[in-house]
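Enquirer: Listed below, chain by chain, are the residues.
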Amino acid sequence: MTTDELEKLLAQQPVAVLHRLARGRVQRHFRAGKRRLIELILQHSSQNRAGLESDLQALVGERQSRAQQPISPAQTTRRPAAALPKRMPSRGGEPESSEPAVSLAAWFEGIGVPPPQPFVPDPWQEEALAALSDTDVVVSVPTGSGKTYVAVEAACRAMEDNRSVIYTSPLKALSNTKYTEFSRIFGADKVGILTGDRQENGQAPLLIMTTEILRNLLYDAASGEIDVRLDTLGLVILDESQYIADPERGVVWEETIIFSPSQAKLLLLSASIGNPQDIADWLTSIRPTACRLVRHSKRTVPLRAGYLHPNGKLTPLFKTLGIPYGHAGQLHPEAKRLFFEYEEETLPSGRPRR
Amino acid sequence: MPPSIHPVDLIAALRQKHLTPVIVFLTSRRACDEAMESFDHADIVLPPVRQDAIAAALERVIAQYPSIAEHPLIPTVRRIGVAAHHAGHLPSWKIAVEELMRQGCLDAVFATTTLAAGVDFPARTVVITQSSIRKSRDFTDLTIGEVQQIAGRAGRRGKDQVGFAVVTPSPYIDLGVLTKGFTGHPEAIDSQFTISYPMVLNLLKAHPHEQIQAILAKSFAQFQLNQRAELLERKLDALHIQMEPFGPRVCTDWITQWQTFDQARRQKPSRHQIRRHESPEVSARFHFLTPGRVVGLTRGRGIVLRQYRSKGQKSPMVTVLRPNGAVTECPAPSVSEVFDRVFDCEEAPVYPWCTTETFDELSHQLAELPTRVPVLPILVSKDSEPLPDAIVQSLGDFPCPTCPSRPACQKDFETASRLRQEQQRHTKSIQALRTSLWHRFQERVEVLQKFGYLTSHAQLTSEGEWARLIRIDHSLLITELIRAEAFSGADPSVLTGIMASIAHDDDRPGAFPRISSGLSSLLGQVRKLGESLSPYEDPPLLRADVAALAERWIADPALTWIGLCRLTTMAEGDIYRLLARTLEFLSQIHTLKATHPGLADSASQAIALIRRGVLEELP
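Just so you know, the sequences run in chain order A and B. Anchor point for the first sequence: position 323 equals 323 in our numbering, and the numbering is continuous, going up by one each time. Take any residue in the second sequence, note its place counting from 1, add 1000, and you have its number in our numbering.
Keep in mind the hints are simulated off the structure, nothing from the lab. Accuracy of the hints is not assured; some may be wrong.
[Claimed, not checked] In silico negatives: residues of chain A with every beta carbon more than 12 Å from chain B:
1. Leu37
2. Leu52
3. Ser133
4. Thr135
5. Thr232
6. Ala290
[To be verified] DSS-like, lysine-lysine: derived pairs with alpha carbons at most 25 Å apart:
7. B:Lys1180 to A:Lys313
8. A:Lys34 to B:Lys1180
9. B:Lys1180 to A:Lys336
Backbone N, C-alpha and C fix where the C-beta goes; we use that ideal spot for every residue, glycine too.
Okay, chain A solo, but in the shape it has when bound (with noise of 0.2 Å):
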């Protein structure tokens, strides 16, 4: 195949062809238009002409299999209907789906304020708190779906129990903010605060703290210190405990998982993460009790994404009302079009506009 012939054929098929011949070979395709992209394969492939033309072939036949297969001979009346789009200059290759894309009225629909009404926890609020009675407990949930109620909710429960409880966080500013909140809720004489630089009310039942510093109590109590607060400690609140793949701080959050004595239930609360399970498994295996994981991946506040053009058009970002989740090219057509458009604009380089 001499090279205008390659050329020609490329430029014949649609442009997610186009993309899924790119893939590997060109870097940042997703960013290129049609004739870009057939220009950097080309270029691209200039040493290896033969994977290319291989490649082509079979993506070529795959789609052509595609398309014949659910046209049954005896439904030979129909086949122009059926080529009839492929014949269509498509612009944009959108993947051919038969669901209209969600309207920018339909997007907007519910925005406001909620109707007040009782509080009710969530069913995996009341499944990590049922479970906590007796065992360790890893929660990951979405980002504002309730952690704290859980934290709040469990403290109480094992104060209620004269027991004493540790909550830390990985910063000292949501230590602050924290201390705040509970000072709030239990009454200040309940909670106290420790962390680097600040020591208030250090024999409080309910204390906040940097992970940090529990990590130094509990070495200082594994040597021989004795510190009443361990001895009736209750309850273990890590915070953020997604922090434990942090670089430079995660191992401070093994050693108090670790050191933690095995009379304090211990309560992980975490962002979502890919691997909780995991995180559960290490529990059981170095803790007495079997530990319950606790997941939920549906948002409390449903969430939509949009998206918005300089020009300050807003459209829905996804083809769906919601996050498509595991279906990240379900682009709406027309944020697509826009997007397109702004980086046709913005790339710096001089080559041939549309």
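Assemble chain B onto chain A, guided by the hints.
Expert: Just chain B, lined up with the frame of chain A:
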């Protein structure tokens, strides 16, 4: 860089669509500040009722934290209802913004993504203008977890029925990264377990040495290593099954047997080699006669253009460029001297054995050569006899040539040996995975023994007893400094300066006050010690300018916070963080009061002096 949409237009558009309150995530602190500046003359002012509400709320926060009363952003906040919130601000300002946001007074907050994880205030909408963040100098794409963390700020429980995450393009955006982030499953997290010196000391203080391995085995790191090891073990089991047809044959370990036989067979020279009789001097020298080398001949000097061995010649040969431009072939023994001078020579396959440019260049160089050029000393080794005769002779001892299973062995050897190699590799890596933490621990123990914090039986010495209380970064440097009595007689301000320079790990440049000579000479010592400890612990930045700033705050109790900020170009929030971190380091030193009363006293004085003004007012 601002997003491609102007901040004023952005807020106006979102207001009009009832998408406020909103958190706008921008790439840098500067972008946030510039966005705030762009509201200076904007006319999208709030109705007076809301302005008053903001003023009242601000009043309440200011009563608690007077340091923000004069904050330059306050007029914009009150007029338009937008604020900036990033690490360059004082914590009190951030608290104020968070409080205003919680009360629903603000329409927009401009923040950096680095802070997304650390703040606790939601909004109806988040605006994302970037798909990468700056992590230690480089920009890296946001991970799925990070995108979801950012988007998670949208939608307030009880105040919103839906939350919105709005993407608006800027030069830093890659839509693919963001859509993947929205729709993907968050990444798995990995343990980042490291073994630090204080950890070793504290573990050995509380537990006998032989129990430590069991304790390390309880870490998440070991849990994950075990997972990987189990994966390999399963592979190993599969390999065992694949290896079954290659079990024992005539010899039990036929693979090794065949391998040795095969090697020996291959090493036997297939044809008689031409034996050359060169003197060892010549063969040693011949390695140096590479193209470009200046050599001395019986008459004059020359530059080697190529070397070769030819069947027609008894000796190895070199082609030499002579001063008159002639190219001559000389036997290597006729080279009388090898000089310590080599020129670049671009070789060519045909006469004159180099490119024309090189040829001209070399002729020129040769003419310009000084009369005296140092001679290259060449060591001559007498024993140049690498013939593996023993193996060749032992070939007769192998049973293989007459063995009945020889053809089978020969056929299967390739597969079998590959499988066996894989097996050995897996076994080795499984072992490494199971014991790597313990080895790392042992390495640390050895270092601590070397410095005298641990006895040879891995028990804490008297030095180790106090050193274990220093549980911060760069602990080895700090304890070594204390042992070297670097701080004896140093006053609190110098101690603070040193601690600040050890604590500060940001390399943002800035202009700072001058450093006092006492601090600067001590800092020189610290730097020297830090360098000598670098094989055992990464040295800190030890910036003199930062040290000077912290020293000034202690040395001059009349200095106000505003005055301190004027001394440097560092952002307020950074100065605050520097001093707060220094405070943490000092309070660690303060714990040494039993063994180092003087030093602890000095530290507590410094702590008392640091805590004034803004640092006292804040938690």
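Enquirer: Could you check that no beta carbon of chain B comes within 12 Å of the beta carbon of A:Leu37?
Expert: holds (14 Å)
Enquirer: Report holds if the minimum CB distance from A:Thr135 to chain B is greater than 12 Å, and violated otherwise.
Expert: holds (18 Å)
Enquirer: Would the hint linking A:Lys34 and B:Lys1180 be met if the CA-CA limit is 25 Å?
Expert: holds (22 Å)
Enquirer: Say whether it holds or is violated: A:Ala290 keeps its Cβ farther than 12 Å from all Cβ of chain B.
Expert: Nearest chain B Cβ is 15 Å from A:Ala290, so the label holds.
Enquirer: When you look at the beta carbon of A:Ser133, is every beta carbon of chain B farther off than 12 Å?
Expert: holds (25 Å)
Enquirer: Within 25 Å, alpha carbon to alpha carbon, are B:Lys1180 and A:Lys313?
Expert: Given that 25 Å is the threshold and the Cα spacing comes to 23 Å, the pair holds.
Enquirer: For the pair supplied as a hint, B:Lys1180 and A:Lys336, is the alpha-carbon distance within the 25 Å limit?
Expert: holds (15 Å)
Enquirer: Regarding the assertion that A:Thr232 does not contact chain B, is the least Cβ-Cβ distance greater than 12 Å?
Expert: holds (21 Å)
Enquirer: Over 12 Å from every CB of chain B: does A:Leu52 meet that, or does the non-interface label fail?
Expert: holds (23 Å)
The structure agrees with every numbered hint stated previously.
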